[in-house]
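Put together the whole structure using the sequences plus the hints.
As you go down the protein sequences, you meet chains A and B in turn.
Going by the working numbering, the residue at position 227 of the first sequence is 227; the numbering climbs one at a time, nothing skipped.
Here the working numbering runs 244 ahead of the position in the second sequence, where the first position is 1.
Where hints are given, some of them may not hold.
Unchecked claim - Subject to a maximum C-alpha distance of 35 angstroms in a straight line, what follows is the list of computed DSBU-like cross-link-like pairs (lysine-lysine):
1) B/K373 x A/K114
2) A/K55 x B/K306
3) A/K73 x B/K306
4) B/K373 x A/K73
5) A/K127 x B/K373
6) A/K73 x A/K184
7) B/K306 x A/K57
8) A/K184 x A/K55
9) A/K237 x A/K28
10) A/K120 x A/K28
11) A/K26 x B/K373
12) B/K373 x A/K181
13) A/K184 x B/K373
14) A/K18 x B/K373
15) A/K55 x B/K373
16) B/K306 x A/K18
17) B/K373 x A/K110
18) A/K57 x B/K373
19) B/K306 x A/K110
20) B/K373 x A/K28
21) B/K373 x A/K204
22) B/K373 x A/K133
23) B/K373 x A/K120
No lab work stands behind these hints, which were simulated from the structure alone.
Each chain is listed here by its residues.
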Amino acid sequence: MISVQGLYKQFGDVEVLKGIDLTVDKGKVIVIIGPSGSGKTTFLRCLNVLEIPTKGKISIGDRQLDFSQNMTKRDIHEFRRLTGMVFQNYNLFPHMTALENVMEGPVTVKREAKEQARQKAMALLTKVGLADKAHHYPFQLSGGQQQRVGIARALAMEPEVMLFDEPTSALDPELVGEVLKVMKDLANEGMTMVIVTHEMRFAKEVADEVIFMDGGFIVERGTPQQLFTNPQHERTKKFLQLIQ
Amino acid sequence: MVKMYLSNVMLDPERLTAIAQSSLLPLVKGALYYTIPLTIITFLLGLILAILTALARLSGVKVLEIIARVYVSAIRGTPLLVQLFIIFYGLPNLGITIDPFPAAVIGFSLNVGAYASEIIRAAILSIPKGQWEAAYSLGMTYGQTLRRVVFPQAARVSVPPLSNTFISLVKDTSLASLILVAEMFRKAQEIASTNYEFLLLYTEAGLIYWVICFLLSIVQGRIEERLNRYIAR
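This is the structure:
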């Protein structure tokens, strides 16, 4: 489903990603962990082309972007539609209701008929447990509710892969559970997901594979069982000790 | 002198009413036919110019940025009256003759465009980067992001300063009298030059400007209220 080859990203003089290779099979849930500055968020944003990699290739499904070559804006816009992004700070559109937020992508980007988009959006809001908040503006919702709308908004574009960038980091502890539950349901339905998170318990329960990144490299990868109980690398051991 | 004047007018209510009656209609006509249309047309054209200029400034394309900067600098750095005179009295030397009203439209639009572009630029910059990213992540193009996400939010921020520009514009249109546009203030001048009631007529014109601006500030309040509906209070 996802294949990444030799991905590099440089910000000015700083090389943040130093050659990432990764394949993810359809329906798998990948959790990326690592210290801050390890490049994990940058990597996720590269998958959504919010950051344009310096070089390397990313393919999702049967589409590929080769960043060593020139590409049009259109290529990028179309590639972005293959992935749905969930942000740490939700980034809901504040001037739209929850329902309008979810409808926005299908109506504006896919040119879907409003009525059809509305029904689909309503179904998605029901799925994330927010049917009764459809007509609320983001400022009237709690952080956990906003993030669930964020997930519904990304799902509305029917992406092949869902990307989550620390989706619970900005939430009060008591609101984390409701968001993780929605993500868990999604995983159980067979959605391909790449998640950057600090929720180790969630990673243990839901991930098919855990990836440890540090210094712009993938240091180690394995099943949660392997990585959490029997890490091979010194840096992985250190990191796990620090957070446990 | 003042006493004499006051006693003349005040003690002669009939004369006062007669002047007010005969001058009110021409003044209001001047406002309805020229001052208000000039303000509205100019503001809309100026706003389009301002949005284009702001986008040019933010485009990251050097040439566009420089053109926009020079334009804003030239307009803000020269008096409005000088600009109007160049367009109306100056351009004929190049063989370009423009009627008073279109000349005023051009002059005032260029002026509004320059000032409002800074307001709009600041408003666009005030929208958090995350909003752009969220829109892009849905597959939106630059244009779609501006139209659906950035402008609606930037509008809220820019209504108060744009209202200032609009209200200033209403009053600045009185300068069009100097390039022969038959707007309200010119009407007042014309009438006063025949009956010598300068104080009365200019005060009357001033009051009409005040009424227009007062009504506008009420409209501004309504718009702000509407745009603020999605903001926590």
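Going down the list of hints, with the structure as the test:
no., hint, in the structure
1, B/K373 x A/K114, "holds (27 angstroms)"
2, A/K55 x B/K306, "holds (26 angstroms)"
3, A/K73 x B/K306, "holds (20 angstroms)"
4, B/K373 x A/K73, "holds (19 angstroms)"
5, A/K127 x B/K373, "holds (29 angstroms)"
6, A/K73 x A/K184, "holds (34 angstroms)"
7, B/K306 x A/K57, "holds (31 angstroms)"
8, A/K184 x A/K55, "holds (33 angstroms)"
9, A/K237 x A/K28, "holds (25 angstroms)"
10, A/K120 x A/K28, "holds (25 angstroms)"
11, A/K26 x B/K373, "holds (31 angstroms)"
12, B/K373 x A/K181, "holds (28 angstroms)"
13, A/K184 x B/K373, "holds (29 angstroms)"
14, A/K18 x B/K373, "holds (26 angstroms)"
15, A/K55 x B/K373, "holds (24 angstroms)"
16, B/K306 x A/K18, "holds (32 angstroms)"
17, B/K373 x A/K110, "holds (23 angstroms)"
18, A/K57 x B/K373, "holds (26 angstroms)"
19, B/K306 x A/K110, "holds (33 angstroms)"
20, B/K373 x A/K28, "holds (31 angstroms)"
21, B/K373 x A/K204, "holds (33 angstroms)"
22, B/K373 x A/K133, "holds (26 angstroms)"
23, B/K373 x A/K120, "holds (28 angstroms)"
In summary, the structure agrees with every hint in the numbered list given earlier.
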